[in-house]
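Peer 1: Single-letter residue listing:
Protein chains: 2
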Amino acid sequence: MASSQDVDMRPEVHVLRLSHRAVRDKRVTTHLGLVARAFGARRLVVTGTKDEHLVNSIQRVVASWGGPFDIAFISGWMKLIRDYKSRGFRVVHLTMYGLPVQDYMSEIRKSDKILVVLGGEKVPPEAYQLADYNISITSQPHSEISALAVFLDRLFEGRELKKKFENARQVIIPQARSKYVLKK
Amino acid sequence: MASSQDVDMRPEVHVLRLSHRAVRDKRVTTHLGLVARAFGARRLVVTGTKDEHLVNSIQRVVASWGGPFDIAFISGWMKLIRDYKSRGFRVVHLTMYGLPVQDYMSEIRKSDKILVVLGGEKVPPEAYQLADYNISITSQPHSEISALAVFLDRLFEGRELKKKFENARQVIIPQARSKYVLKK
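Residue numbers (my numbering), protein chains in the order written: chain S, 94 to 277; chain P, 94 to 277.
Looking at chain S on its own, in the form it has when it is part of the complex (with noise of 0.2 Å):
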């Protein structure tokens, strides 16, 4: 079996959330931040409406589960894409109108870094043309939060769910049926 430190995390993986709207999408854009963690990724990047609240509690979860992760809040993202792209990430939109995850997921894993763009109610047609794999997980309507975690899982086929958190102050151990958590 593996220890903990063979976990291969590779691509490093970052998200962008287009259009978050501090008061509508408050706890939306905050299960975002714990999936974008929680299966993997490095860094949360949000566009639009700069909320404390949302970075605090963002924070607070990495202080007492565990890191490497972290939040920002941007202005224009064309241009942050457009860096991205020039530090040699590859940029997944997830949207209900893309191209199959299951028949382009194999072709995406080869690349070393991913930048992973999430919508907000209007997806601007530009995220379209920027990006270089417009890619759907189901072609249904359903939720960002879902599409992200599923697309991690099936990028890491899996090895996020034993991933090892560095400076968590807790940590689950895992019960049949109750709870335990380590204080550290």
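Hints were generated in silico from the structure; no laboratory data involved.
Don't take each hint at face value.
As the list claims (entries may be wrong) - Quick look at which bits of chain P chain S covers, simulated, 3 or more residues with Cβ under 8 Å:
#1 122 to 130
#2 140 to 146
#3 193 to 204
#4 217 to 227
#5 259 to 270
For every residue, glycine included, the Cβ atom is placed at its ideal position computed from N, Cα and C.
Since the structure of chain S is provided, determine the placement of chain P on it from the hints.
Peer 2: Chain P in isolation, oriented as in the chain S frame:
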């Protein structure tokens, strides 16, 4: 290549969402319903505040994108779980404190019928006792929405990605860089 009729969506899956709060959980429970439908479950049962808005949103999606899928509100969730068990359903409670999904999925997959239970903020200890399995997906905090999606994607081994819905008024035709919705 398998035709649409060949997609085997067994086992039959229903989803129970505990303790929905109409205001705070509106979007999260809506996303849960959309995930349940898109990833191959047949029904979402919700306990807590009856929420006509939620029922209407889900029914609108089914009318537009197809089914079968339905949503129901109930009280008395412990009795409901016992009833499901007496009808031969295996009960899988998804919780960050449970046993690793990757170690139990092949066993769980042998069931013909599965009730997936998802908690709200505070899950009563009885849920852990009534469940046949308490299962975690990563042992890290993330979201009920992502937990359900990854569980169903692994349960159905990706077959749900090709599921065809009945009586859909619109269907997405996957595209590389644009949106194409076929209206029927």
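Peer 1: Now, for every hint given, state plainly whether the structure supports it.
Peer 2: Going down the list of hints, with the structure as the test:
Requiring three or more residues with a Cβ within less than 8 Å of a Cβ of chain S, the coverage given for the region 122 to 130 of chain P holds, as 4 such residues are present. Counting residues of the region 140 to 146 of chain P whose CB lies closer than 8 Å to any CB of chain S gives 0, which falls below the minimum of 3, so the coverage claim is violated. Note: the region 193 to 204 of chain P has 3 residues with beta-carbon separation from chain S under 8 Å; the three-residue rule is met and the coverage holds. Coverage of a stretch by a chain is defined here by at least three residues with a beta carbon nearer than 8 Å to that chain's beta carbons; for the region 217 to 227 of chain P and chain S the count is 4, and the condition holds.
Only residues whose C-beta sits within less than 8 Å of a C-beta in chain S count toward coverage, and the region 259 to 270 of chain P has 6 of them, enough to reach three; the restraint holds.
In terms of the numbered hints stated before, the structure departs from hint 2 and from no other.
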